[in-house]
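Asks: Each chain is listed here by its residues.
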Amino acid sequence: MSERPIVEARGLVKTYRKGAAVIRPVNGIDLDVMPGEFLALMGPSGSGKSTLLHLIGGLDRPDAGRIRVGDAELSAMDERALCAFRAAHVGFVFQVYNLVPVLTARENIELPLRLLAVSKARRRQQVDSALAVVSMSDRANHLPSELSGGEEQRVAIARALVTDPQIIIADEPTGDLDEESGRQVVDILATLSAEHQKTVIMVTHNPDAAERADRIRYLHRGRLVDRNPRELRAEEPAL
Amino acid sequence: MILRMLPLVWRNVWRNRRRSVLTLLGVGVAVFVLAALESAVEGMTFPIREVGKQELLTVREAARANVLASRLPATYEDRVAAVPGVRAASGVLSGLAVVGADRVHVFVRGVDPLRYRDVQHLVLDPAAWSAFQADPRAALVGHRLLRRMGWKVGDEVEVEALRLRVRIVGVIPAQGVDLESHMLVRRSYLQVTRDADGQISFVLVSPVDGARPTDVAAAIDTALALAAVPTETTSAGAYAQAVIDDFMGFIEYLKVMGAITVLITLLGAANAIAMSVRERTREIGVLKALGFRPGLVLALVLAESLVLAMMGGALGLGGAALAIGSQAARLAGLMLSFPTVLMAVGASVLVGLAGGLLPALTAANVRTIEALRGIG
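Listed in order, the protein sequences are those of chains A and B.
Under this note's numbering, the first residue of the first sequence carries the number 5, and numbering increases by one thereafter.
Under this note's numbering, the first residue of the second sequence carries the number 216, and numbering increases by one thereafter.
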C-alpha cells in the first residue's frame, strides 16, 4: 500500500432537520483509508454508517470538515462535479440490488460506460471482464427478474467495477441475501481488494462479513470508535 | 449524451405496456380529432380563400345580395366593359339545381365562352375547351361534381330543374378557382331554358393590371348609378371574407374543441408519465448515484414522454390521412393540408414535452440519497 490514504476525512459533520429536531448522524469524523484496503464499517442503526458512506461516495456534501478521495476534494465540489466524480471514480453496491429492471445484466453493467462515452467495442470488452470477475458471463443476457438475489447483487458489483473505479462503496450488500449468496458477494469484494487492488468500503451489520475485511471501524452516535459499540453500551452506567 | 441512452429510453417507454398503449392511443385519438377538425375547417375555407386571392369583381343587382337571385340586363356586360379600369367583363347567368337521389347541389353558370375565359383564368384541356365553344349544348363539369354524380365525359345529362339537357365535353380540374361543384354551360342556351332572354345574373370583371379593385368597383357603380337597375360591385376577396366571417363562429368552436382535446390528452399523458416516474424513484436515485446529472435525468424522462407522444401522434395522423384521404371524405370537402400535418406534429410534441415536463423536473430535482431511500 502507498503512503498516502486514498480517502482522507477530517472533522466531517453532517446535520439533518427532521421537523423541529436536529439530527447529526456524522459528528466530527476523521478517517483515513489506504489504497486497496477493504474496510468494514459497523454500528447500530442510526449510528451514521450510511451517511458517512454517502459523504465518501460524493452522494452528499458535509456541513463541516473536509473530505478528499484520490485527488478530488469532495467538500469543494458542486453537484455537477460530484456527478462526474461518481461516474469516473466510484462504484456503488446497494443493499437492494437496484438494477434497472428493463435492461439485461449486460446492459445494466454497460450503463456507466455509456455515461462515460466509452466506444462500443471497449464497452463490450469491459463488460465481459466485469462479468467474468463476478462469474456471471453465462447470465449476461438475462433480465434482473430472471436472476436470483445473489446473482442480481453480483451483477450490481460488476456494474460497480466496470469503470475501473478507485473505490467501491457497498452499503449492506449482503443485507437482503441468504447466507450462501452473502458469503459469495463478500468473497468477490474481498477478491477485488486483494487481487485487483480496489479500495472497498462496506457497511454491514453482519459480523461474519466484516471479519473478511482488512479492518473494521465502528460508529457510535456519529463518531468513529475503536471498540464494538455493544461493549461500549455495556460499560455505560445504567440510568 | 441522450442519444447514447436511447436504448434505456425505449425500454422505459414499454416498461408498463398497458399504460403506454393507453397513453399512446389517447394521444393518437386526440391528434386524429385535431387533424380531422382542422381538415374540415381547411376544406371549408380553402375554396373561398382561393377565390379571395383572385382580383376579380362581381357586379350584381344592388337590391339582391345573392347573385343567384340577382338580375341584370345582358347589355350591362358591354357597359361595364367600357368603364375605365376594366380590362375585361363577362356576363354570367346563374342557376342552382338539386339533382339525384343524394340531392346534390349543382351550381350552373351560363357563360359566353370567349368573354368568360378572358376574365376567368381556367386551366383546361384545349380539346375540351374547343368542344365547349363548338357545341351550344356542351357543358364543362367541376371534377368533384363529376365524381359525385358518377358522370363521365361524353355523357348526356339532364338537369331537370333548369330544363337543361347537356353533353359533358370536359372536366374542370382542381385549381385556384372554386368551380369544383359547378357546371359551365353556354349562356344563350341557359337563357332559353330559364326564360331569361337578354338577362344575366352578374358581371364578372377583371380590372386592368395595377388598378385598385376598390376604385374600379366604385367607378362601375357610379357609371351605372342612374341605369334602370342599380348595381353593387364587390371584390372576390370581400365576398370570400364575408363568407368566412359567417363561418367564423363555427370555426372558432371547432378550434376550441380541438384545443380542449389536446389539453385533456396532455393531462392524461402527464399523469401516466408522473406515475411511471413515481414508481421508479429508487431507480432514478441509482442512476444519479452512477453519475447521471440532473439534466440528463430530465432529458431521459422528457425523451420517454416525447417518444410516446410522437408515436401516438404518428398513429393519429396516419389514421387521419387514411380517413381524410378516402373518396367519401374528399367529396365531403375534408382536406388534410401540410399546415394541418405540421400542426398535428406540433400538438404531439407539445403533449410530449408539456406532459413530461413536471415529472421530469421532479425526477431531476429529487435528492439522490432520498431517491435511493425511495422518497420522492
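Treat the hints with care, since some could be wrong.
Stated by the list, open to error - If you want the ones that stay clear, here's a sample from chain B, every Cβ over 12 Å from chain A, calculated: (1) 281; (2) 426; (3) 541.
Stated by the list, open to error - Pairs of lysine to any residue residues, derived as SDA-like cross-links and limited to a Cα-Cα distance of at most 20 Å, are as follows: (4) A:124 x B:221; (5) B:470 x B:224; (6) A:22 x B:564; (7) A:124 x B:217; (8) B:470 x B:564; (9) A:124 x B:222; (10) A:124 x B:564; (11) B:367 x B:344.
Source of the hints: derived by calculation from the structure; they are not laboratory data.
Glycine included, C-beta positions come from ideal geometry on N, C-alpha and C.
Asks: Determine for every hint whether it applies to the structure shown.
Replies: Verification of the hints:
Taking the minimum C-beta to C-beta distance to chain A, about 66 Å, the non-interface status of residue 281 of chain B holds against the 12 Å cut. With a least beta-carbon separation of about 67 Å from chain A, residue 426 of chain B lies farther than 12 Å from that chain, consistent with its non-interface assignment. For residue 541 of chain B, the requirement that its beta carbon stay farther than 12 Å from each beta carbon of chain A is met, with the minimum near 39 Å. This hinted pair checks out: residue 124 of chain A and residue 221 of chain B have alpha carbons roughly 14 Å apart, not beyond 20 Å.
Pair hint residue 470 of chain B plus residue 224 of chain B does not hold up; C-alpha atoms about 34 Å apart against a cutoff of 20 Å. In summary, the hint linking residue 22 of chain A to residue 564 of chain B is not supported, as the alpha carbons are separated by about 41 Å, beyond the 20 Å threshold. Between residue 124 of chain A and residue 217 of chain B the CA atoms are separated by roughly 16 Å; this keeps the pair inside 20 Å, and the hint holds. Of the supplied pair hints, the one linking residue 470 of chain B and residue 564 of chain B holds, its CA atoms being roughly 18 Å apart against a limit of 20 Å.
This hinted pair checks out: residue 124 of chain A and residue 222 of chain B have alpha carbons roughly 13 Å apart, not beyond 20 Å. Straight-line distance between C-alpha atoms of residue 124 of chain A and residue 564 of chain B comes to about 31 Å, which puts the hinted pair past the 20 Å bound. For a cut-off of 20 Å, the pair hint linking residue 367 of chain B to residue 344 of chain B stands: about 16 Å separates their Cα positions.
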